Every structure is written in C-alpha cells, then in structure tokens.
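Participant: Sequences listed follow chains Z and Y, in order.
The first sequence begins at 1 in the numbering used here and counts up one residue at a time.
The second sequence begins at 1 in the numbering used here and counts up one residue at a time.
Calculated from the structure, these hints are not laboratory results.
Just so we're clear, the structure is a prediction, and the values are computed from it rather than from any experiment.
Just so it is clear, CB atoms sit at the ideal spot from N, CA and C, and this is done for glycine as well.
A couple of the hints might just be wrong.
[As the list claims (entries may be wrong)] Not the full set, but computed from the structure, chain Y residues with beta-carbon under 8 Å of chain Z:
(1) 4
(2) 40
(3) 43
(4) 52
(5) 56
(6) 66
(7) 103
(8) 116
(9) 135
(10) 249
(11) 263
(12) 273
(13) 276
(14) 280
(15) 281
[To be verified] Short derived list, chain Z residues pointing at chain Y, Cβ under 8 Å:
(16) 66
(17) 208
(18) 282
There are 2 protein chains.
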Amino acid sequence: MDKFDHLLSPTIRKIKASEIRELLKIIGKSKEIISFAGGIPDPKYFPKKELAEIAKEVIEDFGDRALQYSETMGVYECRKAVAEFIYRTKGVKTDPDNVIITTGSQQAIDMIARAFIVPGDKVITESPTYLASLGLFRAQGADVVGIKLDDHGMKTLALEEELKKLKSIDALPKFIYVIPTAQNPSGVTMSLERRKHVMELAGKYDLIVVEDDPYSFFLFDNRAEATPLKYLDKEDRVIYISTASKILAPGIRIGWIMPPKELVRRLELLKQYMDLHSPTLNQYIFARALDKGVVDRHIEVVRRVYKEKRDHMIAGLEKYFPNYTWFSRPIGGLFIFTYIFKEDFDAGALLEKAINEYKVAYVPGKSFHPDGGGANSMRLNFSYPSINEIYEGVRRLAELIKNA
Amino acid sequence: MDKFDHLLSPTIRKIKASEIRELLKIIGKSKEIISFAGGIPDPKYFPKKELAEIAKEVIEDFGDRALQYSETMGVYECRKAVAEFIYRTKGVKTDPDNVIITTGSQQAIDMIARAFIVPGDKVITESPTYLASLGLFRAQGADVVGIKLDDHGMKTLALEEELKKLKSIDALPKFIYVIPTAQNPSGVTMSLERRKHVMELAGKYDLIVVEDDPYSFFLFDNRAEATPLKYLDKEDRVIYISTASKILAPGIRIGWIMPPKELVRRLELLKQYMDLHSPTLNQYIFARALDKGVVDRHIEVVRRVYKEKRDHMIAGLEKYFPNYTWFSRPIGGLFIFTYIFKEDFDAGALLEKAINEYKVAYVPGKSFHPDGGGANSMRLNFSYPSINEIYEGVRRLAELIKNA
Numbered sequence: 001m002d003k004f005d006h007l008l009s010p011t012i013r014k015i016k017a018s019e020i021r022e023l024l025k026i027i028g029k030s031k032e033i034i035s036f037a038g039g040i041p042d043p044k045y046f047p048k049k050e051l052a053e054i055a056k057e058v059i060e061d062f063g064d065r066a067l068q069y070s071e072t073m074g075v076y077e078c079r080k081a082v083a084e085f086i087y088r089t090k091g092v093k094t095d096p097d098n099v100i101i102t103t104g105s106q107q108a109i110d111m112i113a114r115a116f117i118v119p120g121d122k123v124i125t126e127s128p129t130y131l132a133s134l135g136l137f138r139a140q141g142a143d144v145v146g147i148k149l150d151d152h153g154m155k156t157l158a159l160e161e162e163l164k165k166l167k168s169i170d171a172l173p174k175f176i177y178v179i180p181t182a183q184n185p186s187g188v189t190m191s192l193e194r195r196k197h198v199m200e201l202a203g204k205y206d207l208i209v210v211e212d213d214p215y216s217f218f219l220f221d222n223r224a225e226a227t228p229l230k231y232l233d234k235e236d237r238v239i240y241i242s243t244a245s246k247i248l249a250p251g252i253r254i255g256w257i258m259p260p261k262e263l264v265r266r267l268e269l270l271k272q273y274m275d276l277h278s279p280t281l282n283q284y285i286f287a288r289a290l291d292k293g294v295v296d297r298h299i300e301v302v303r304r305v306y307k308e309k310r311d312h313m314i315a316g317l318e319k320y321f322p323n324y325t326w327f328s329r330p331i332g333g334l335f336i337f338t339y340i341f342k343e344d345f346d347a348g349a350l351l352e353k354a355i356n357e358y359k360v361a362y363v364p365g366k367s368f369h370p371d372g373g374g375a376n377s378m379r380l381n382f383s384y385p386s387i388n389e390i391y392e393g394v395r396r397l398a399e400l401i402k403n404a
Numbered sequence: 001m002d003k004f005d006h007l008l009s010p011t012i013r014k015i016k017a018s019e020i021r022e023l024l025k026i027i028g029k030s031k032e033i034i035s036f037a038g039g040i041p042d043p044k045y046f047p048k049k050e051l052a053e054i055a056k057e058v059i060e061d062f063g064d065r066a067l068q069y070s071e072t073m074g075v076y077e078c079r080k081a082v083a084e085f086i087y088r089t090k091g092v093k094t095d096p097d098n099v100i101i102t103t104g105s106q107q108a109i110d111m112i113a114r115a116f117i118v119p120g121d122k123v124i125t126e127s128p129t130y131l132a133s134l135g136l137f138r139a140q141g142a143d144v145v146g147i148k149l150d151d152h153g154m155k156t157l158a159l160e161e162e163l164k165k166l167k168s169i170d171a172l173p174k175f176i177y178v179i180p181t182a183q184n185p186s187g188v189t190m191s192l193e194r195r196k197h198v199m200e201l202a203g204k205y206d207l208i209v210v211e212d213d214p215y216s217f218f219l220f221d222n223r224a225e226a227t228p229l230k231y232l233d234k235e236d237r238v239i240y241i242s243t244a245s246k247i248l249a250p251g252i253r254i255g256w257i258m259p260p261k262e263l264v265r266r267l268e269l270l271k272q273y274m275d276l277h278s279p280t281l282n283q284y285i286f287a288r289a290l291d292k293g294v295v296d297r298h299i300e301v302v303r304r305v306y307k308e309k310r311d312h313m314i315a316g317l318e319k320y321f322p323n324y325t326w327f328s329r330p331i332g333g334l335f336i337f338t339y340i341f342k343e344d345f346d347a348g349a350l351l352e353k354a355i356n357e358y359k360v361a362y363v364p365g366k367s368f369h370p371d372g373g374g375a376n377s378m379r380l381n382f383s384y385p386s387i388n389e390i391y392e393g394v395r396r397l398a399e400l401i402k403n404a
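One chain only, chain Z, in its complex shape (with noise of 0.2 Å):
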C-alpha cells in the first residue's frame, strides 16, 4: 500500500488503467508497430493553416474575451453556433441556453456520473460500450448492467426485459447509455426501430437516455439511418452529448451537452465546481471554425479518407482472417470490432505478444463488455494508420490469429 492510500475515497480506489492509454504509452515509443489501437484521428488531414489564423484572428479581433473567464456554460457564441450546427445536421432545434460546452465528450459523460450515480445504482449501457464511460460508472460506484447488441443495434427486447425485471426489484437503472451511430467499440448502427422502442421505454419506465453521438456526422453510407434519440425525443428525457473531438481536432477539447431543460441548471453548477468553465479561448475557435465552413470542409475530408481506410481495413480482414472469425462492417466512426470463435482465444493475454513480436497492436474487447465476457474480441481503429499499415497490420493479426 502507498504512503497515502488510507486517505484516498472509495472512488479513485476503484480506478484502473486503461488498457487504450497504457498501450498509447508503450506504442508511441516504437515506430516498427502498426497500431491499431487508441481511437485517434489521423493528424495528417488537421485543417491547421486555417485553424492557425483562425486561432490569431480571434485572439487578436477579440482577446480582451477570448482570453478572459467566461460564463460556466460555454459563451454565447460558441453555444449558439453549437445550437445551429446541431439544427442543420441532425434537424434538433436546441435553445443555445440549453448547450453547455464541456471539455470534450468525456466530461460531459462524467458530469452526468457525477450527477446521478450513487453507489449502489444500476446503469444500462450497451454491451460492448464505451471503455472509459463503462470504467467511470463503476468507479462512481455503479452496477452496470449490458444489454447485448446485434447488427441492428441495441436489443431492445432483451432492454425490456431487463427493465421489467429491473423494476420488480425496485432497481431501475438511473439511466440508459447508448451510443446509437456507429457504435464504440462495436461499429454497428441502431435501427430506427430500436431508437423508437428504446424511446418507448425510456417513457413507460420514466429514464434518462443519454445519446453518446461523437460519429454520426460523417457517415460513409449516405443513406444511413443515423437519426438522433433527441430528434425522437418527445418528452425530453434525453441528455445528448457530442464532441470537436472527430469533426475538427481533440486537441481543443470541445465538447458539448444537451440535456432536458430541467438539468441544465443543475448541470451548469456541476460544471462549475468541476473547473468553473472549458477553455474561452478554444470555444471562440470552435466558433469560428463553425461558422466559416471549415468543420463542414473537415467532416467531408475525412468522411472520403476513412471511408476509404474502412474500405481497406474490411477487404484486408476477408483477405486475410480466418473463416472463424466475424467483424463489423461499420458506415461511420473509427472502429471495426472482430470476434475470433477460436477456442480458449484470449486477446487480453495474447496482446503483449501481438506487440512484441508480431508488431501489432488492438485493444482486447474484454474490458469493453459490462459482463466480463469477450475475451476473444478485439477492436481495430482504421482512422489512424495509412492504408499500406492498415493491409500490414491486419495481415500480422491474422498470423497472430492462426498461431495462438
């Protein structure tokens, strides 16, 4: 035990590391390994001569606020362009009074945590989810409990079912997490059935739904079905959250939520307490950045280059992995997810030897499944590596595959 560790709270006892971030740190030092770890954007396509004169034109045109503290929920500004982005792409009309902007998606996933998870609580999530929205909700203390996915999403049924049972118990979940489009780390898109039922249910049982959305706006598949739980949401019980992170760059870090009108308040002193208010600064770029055309001109540059890179991913899996393998066939995000129905297959225990000697990385599907299952999935992040790694790296997974 560490000097101070009688001191630390039940919650950050609780905290692991993350399998992505420690895999980061160990690949980063290593140019001979083909990652297909992490969930990064390819730097390559950064629009940075427009963001570097956008970045001194508004500190130069308005540094006196830009510089300065501003309101907690975000400026005016930035809320507003939010407001309209978010009309116009996914036809959600949204007061800018009810967008709170957040330090990228992962705080706004933390502020609601924070918000209702008491030790003890049940969270719904989809299984596979979201690593680090699965290890923030248990380390608040939740029991999270993971309802199975298909090719169309969620299963809605077995949803039902749970919160049948759920409620006989008197346990229903304090909310139901999902990420509809282009699902993390499953690829797979939810039906627009399913977003109906799932809304249906959120209604009989009286639940937040909170719509994790950070992929849906560049879609490979233009005839996708990808519309928005708000969209459908008539009794506003939706907390919808989205981010800069994929449509510009994460290293601004701008996120944003918005929630039913009656937790913006609540939210908004949450925020305040967390780090009073997201950098001004990155929130006027954000702005400008919207409202010039140059987020728009970036989500159609990397709809083309990882729709293309999916592309590639997919026909490297059919040409080299095993028939007893299956993966998705994602029309957005980042990620392709693959089970491998090899017996006793482990990609937890296989990953220090897919790294050093196959020169390979993933991230083992295990830590993203609520119930502990999946230790023979992985997911591969195709935005990141070139088109030559993507063939390479899969190739050498697949000697990994066949070998074990």
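Following the hints, complete the assembly by docking chain Y onto the known chain Z.
Facilitator: Then chain Y, alone, in the frame of chain Z:
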C-alpha cells in the same frame, strides 16, 4: 421539485449557485454598476499580440501534435516548462513527471476533493477561505472546519488545538487546505514561522497539505515572505496547485498540480476519467509563452498595475470608509477584505440595494466563512476596475455602509 430531481446524486443536490458567478451575470448587463465582485484580471493588459502570434506558430509548427489527443498528465513540453518555472521562481525542484496539467486550478481542487473526500470526512481550511473550494468540499460531503486568520495568516495554535481535538475523536481531516500567500478572500499572507508550524503539525499527524498558490508570482513588496509550503516539505506531503489564470490569462484554462510522488499515478487515472486530458493546444501555447518570456514580462506588468490599483483602493478606503471598519492590506493577489463593525450589518442582505441603488457590487463575506459567520464582511476586487472606478466605487460603498 423538478422532473428528474429524484434521480440526482446528493453531490449535485448540495450545490448551490455561487454568489460571485450569479453577480457576474447581473452586473455584466449594466455599464453603470462598478463591480468589485469577481476575481477577474484586467483584460486591457493581456499580451494579446504575443499570444495571437504564439497560437498561430504553435499550430503551424507542430499542429499534428498541438491539435491531437495528448497524454493525460499533459504534454511533456508544458510539464517541463512549468517545472522549470516553479524552480526558477520558487526554488522548488520537481520532476516534470510529477506535474499534471489541469483545466485551471479549479479542476485541480476538484481532483483533490474527489480523490479524498467521502461524506462525513473532515477537511480543514482557513476561515474565511476560497468560496468555490469550500462549496466543492461540502458538495463532496465534507464537514469543513475553518481555522481563523489574523494578519499573519492561519492561526496555527488554533490549528494545533483543533487537530488534537479531532485526533481524540478519531476524526483527523483528510487534508488541510491553505492559500498561504495573498489569501483569497482575506488578502492576508502567512508568516514563515506559521508555515513551518503547519508543516510540523502535518508531519506529526501524518496529514496531506493542499497549497493553493495562484497569487505569489506577483507580490507588490519584494521583501515579502512567500516561501511555499512545498519548499518546506521534507516529507513529500504537500499537494501544490497553481494556475496560468493570473500570470497570463484565465481564458486558456491552464492550471497544474504537483502532488506527492505516491499520488501522481492515482490523480492521473482520475483525470483520465474527468476529461482524458486538458487541451493540447493551450498547453503548447502556455509552454511557449513561458519559454519566450511572455509570462515573465506579463507578471511584471500586472505586478505594477495591480500594485497601483491596490494602493488607490487603500487610499480610497482610508478616505471614505468610516472608522468602524477594518480592511486588509494585501501584499499580492486581487482582493481586499473588509469587516464593518456596525451592529446587525449584513453585507449579503444589502447586496441587492448596493447594486440597484448605489450601483456598486461586491461579494458578501459570509459565504467564505465555513462557520457561517462573517455577515459583516465583504470582498473587494481591485484588479478589474479602473482607478477612477475604484475611488468612485469605494465612495458609493461608504455611503451604503453609513446609511445601512
């Protein structure tokens, strides 16, 4: 009760609106009101030109990194620049790997609150103390014990008594939170003797000391005593936190935390769940502003400007305030604290009248006092208003006090 109130955690229920922030919202809308509320730097002096240039350069020169995700602790360049800055200005040697970059020091305080406090825990602060720390510790469930101040800072004999008492009932505090230099709100600076006494007591009772140090970089009196507790810390038990908000600009939201070595990894993991990391771009901007001497030059500017403003506020107080008042004579920081010794004087109850009739705003002192006292006190900010406004505002305040 609002729609989802039954789902909220005790933490978020406990959070009340901060008077400072609410005030800021009102007075921002009227030009007539002279505001001594808030703790806002004078934006006239922000090094806008230099920062505009630096922001542009940083994105142009290494946008691939500056716009990308970074390590949770912060980018090495920034942690190194901060470690060097603290060594150069304070004589405190720190490995960059023991520095975590945060989103302002408010986030550092929040990290500490979450890392240690469970409901019912004792926490010791000065009385009065920083409003947002007090509110946050309480929201996390702490029972905050305030130790009174005099002209030499926290009364450490009273601290010793309190610790003895708490020890006897097996309720030692999770930590002692102090702002030793140019304290907010009191403006008082702790003597070297008392600093040593705090560290001696921390050692005796095996306690963590949180040293919040936003103001010590620009002292108005060069002979002033401001040896950091971190410098006196032979047993590695001080968590030192500070911020770029006062020495450069609050809008970039850069702060840092230098914990005992044993706590670095724990806090890093917590930070990862809170927001993955603070904005990469802002870290590079701050690192370069430090390296290029922009921060040092700005410190000289604010030292001069705020010293002049402090002098004028003291001159105004001496001229206009009745003789049944006391006010601090701070050697740094942004605030003067004043007590009005007039029967039943209630600065909180008078605030609305002050704003609406006398057109002057301040922060009532009561909310800074852990024990609920201090109704007859107010905090006056001298960094934001102009010199004319300082005299006129103090004159109006004096009228308010006399007519109360």
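Participant: Hints first: check each against the structure and report whether it holds.
Facilitator: Going through the hints against the structure:
no.	hint	verdict
1	4	holds (6 Å)
2	40	holds (6 Å)
3	43	holds (4 Å)
4	52	holds (4 Å)
5	56	holds (4 Å)
6	66	holds (6 Å)
7	103	holds (4 Å)
8	116	holds (6 Å)
9	135	holds (7 Å)
10	249	holds (4 Å)
11	263	holds (6 Å)
12	273	holds (5 Å)
13	276	holds (5 Å)
14	280	holds (3 Å)
15	281	holds (5 Å)
16	66	holds (6 Å)
17	208	holds (6 Å)
18	282	holds (6 Å)
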